[in-house]
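> Make a model of the complete structure from these sequences and hints.
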Amino acid sequence: DQQVKQNSPSLSVQEGRISILNCDYTNSMFDYFLWYKKYPAEGPTFLISISSIKDKNEDGRFTVFLNKSAKHLSLHIVPSQPGDSAVYFCAATGGGADGLTFGKGTHLIIQP
Amino acid sequence: DAGITQSPRYKITETGRQVTLMCHQTWSHSYMFWYRQDLGHGLRLIYYSAAADITDKGEVPDGYVVSRSKTENFPLTLESATRSQTSVYFCASSGTGTNYEQYFGPGTRLTVT
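Heads up: the sequence lines are chains L and R, in that order. Residue numbering for the first sequence follows our numbering, beginning at 1 and increasing consecutively. Residue numbering for the second sequence follows our numbering, beginning at 1 and increasing consecutively.
A hint or two may mislead.
[Stated by the list, open to error] To be clear about the criterion: a stretch of chain R counts as covered by chain L if any three or more of its residues have a C-beta under 8 Å from a C-beta of chain L, and this derived list gives those stretches: (1) 50-61; (2) 78-87; (3) 101-109.
[What the hints assert, rightly or not] Quick list of in silico lysine to any residue cross-link-like pairs, SDA-like style, CA-CA up to 20 Å: (4) 56(L) with 101(R); (5) 56(L) with 74(L); (6) 104(L) with 69(R); (7) 104(L) with 106(R); (8) 5(L) with 109(R); (9) 57(R) with 27(R); (10) 70(R) with 52(R); (11) 5(L) with 28(L); (12) 104(L) with 37(R); (13) 104(L) with 103(R); (14) 56(L) with 95(L); (15) 68(L) with 26(L); (16) 5(L) with 41(L); (17) 104(L) with 27(R); (18) 104(L) with 70(R); (19) 57(R) with 94(L); (20) 54(L) with 29(L); (21) 104(L) with 109(R); (22) 70(R) with 11(R); (23) 68(L) with 11(R); (24) 57(R) with 97(L); (25) 5(L) with 59(R); (26) 11(R) with 40(L); (27) 104(L) with 7(L); (28) 104(L) with 58(R); (29) 11(R) with 41(L); (30) 11(R) with 27(R); (31) 54(L) with 99(R); (32) 104(L) with 52(R); (33) 5(L) with 44(R); (34) 5(L) with 60(R); (35) 104(L) with 76(L); (36) 104(L) with 11(R); (37) 5(L) with 40(R); (38) 5(L) with 24(L); (39) 11(R) with 109(R); (40) 54(L) with 101(R).
Calculated directly from the structure, the hints in this document are not laboratory data. C-beta: ideal position from N, C-alpha, C; glycine also.
What follows is the structure in structure tokens.
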């Protein structure tokens with residue numbers, strides 16, 4: 001039973017346009033949400049996070065939006081750049097020593 | 001070097017053998033974690049540790065053993081490797097702040113033949 005779902009296995013976006021990656025969750029106990037970026041043969045790299053008490057967090061080209069009532073979050077990347085091509089994982093946690101629960105990932109491809 | 005390291009990076013072993021994957025972090029983070037990544041599953045938590053000598057099971061702990069005698073090390077042992085344990089293994093660590101960010105090592109690709 002997947003608690004964190006990323007329903008798009010892949011997404012292709014033109015360079016310079018906005019990339020929107022989506023994530024849904026089912027566990028109401030999740031208190032904190034994170035996005036990770038992963039290149040082949042490397043470990044995941046932390047990108048941006050959001051607490052459940054907020055609905056938006058911004059860091060440069062990256063913005064994460066959280067809709068608690070819909071149990072939905074999204075990552076916006078604008079403008080998209082070639083180096084953004086990677087697999088993006090959505091993750092959630094209840095906090096403390098809890099591990100992260102990950103979605104299956106979305107492969108973002110930025111086309112020139 | 002500062003950060004989180006894993007060894008070996010690649011390992012091939014036979015069914016039934018014992019194998020240990022090493023993880024070392026230099027940040028003195030309290031929390032450490034082991035995940036495995038398989039096609040179609042994303043990353044799944046195997047074991048985690050809140051401090052030295054404190055460990056607990058994650059989502060998929062069967063067939064694995066961990067120990068944490070020192071804060072900086074968190075080895076993962078497959079006592080009798082099976083083909084279903086062929087996977088990429090990631091170690092991660094995090095501090096005790098409230099942002100819950102975990103920092104990942106480069107991974108160990110394990111093949112069980």
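> Give a verdict on every hint.
For each hint, the structure was consulted:
| no. | hint | result |
| --- | --- | --- |
| 1 | 50-61 | holds (count 4) |
| 2 | 78-87 | violated (count 0) |
| 3 | 101-109 | holds (count 7) |
| 4 | 56(L) with 101(R) | holds (17 Å) |
| 5 | 56(L) with 74(L) | holds (10 Å) |
| 6 | 104(L) with 69(R) | violated (33 Å) |
| 7 | 104(L) with 106(R) | holds (19 Å) |
| 8 | 5(L) with 109(R) | violated (25 Å) |
| 9 | 57(R) with 27(R) | violated (23 Å) |
| 10 | 70(R) with 52(R) | holds (6 Å) |
| 11 | 5(L) with 28(L) | holds (14 Å) |
| 12 | 104(L) with 37(R) | holds (9 Å) |
| 13 | 104(L) with 103(R) | holds (18 Å) |
| 14 | 56(L) with 95(L) | holds (19 Å) |
| 15 | 68(L) with 26(L) | holds (10 Å) |
| 16 | 5(L) with 41(L) | violated (23 Å) |
| 17 | 104(L) with 27(R) | violated (28 Å) |
| 18 | 104(L) with 70(R) | violated (32 Å) |
| 19 | 57(R) with 94(L) | holds (16 Å) |
| 20 | 54(L) with 29(L) | holds (15 Å) |
| 21 | 104(L) with 109(R) | holds (18 Å) |
| 22 | 70(R) with 11(R) | violated (24 Å) |
| 23 | 68(L) with 11(R) | violated (42 Å) |
| 24 | 57(R) with 97(L) | holds (11 Å) |
| 25 | 5(L) with 59(R) | holds (16 Å) |
| 26 | 11(R) with 40(L) | holds (17 Å) |
| 27 | 104(L) with 7(L) | holds (8 Å) |
| 28 | 104(L) with 58(R) | holds (17 Å) |
| 29 | 11(R) with 41(L) | holds (14 Å) |
| 30 | 11(R) with 27(R) | violated (26 Å) |
| 31 | 54(L) with 99(R) | holds (13 Å) |
| 32 | 104(L) with 52(R) | violated (31 Å) |
| 33 | 5(L) with 44(R) | holds (13 Å) |
| 34 | 5(L) with 60(R) | holds (18 Å) |
| 35 | 104(L) with 76(L) | holds (18 Å) |
| 36 | 104(L) with 11(R) | violated (24 Å) |
| 37 | 5(L) with 40(R) | holds (12 Å) |
| 38 | 5(L) with 24(L) | holds (5 Å) |
| 39 | 11(R) with 109(R) | holds (6 Å) |
| 40 | 54(L) with 101(R) | holds (17 Å) |
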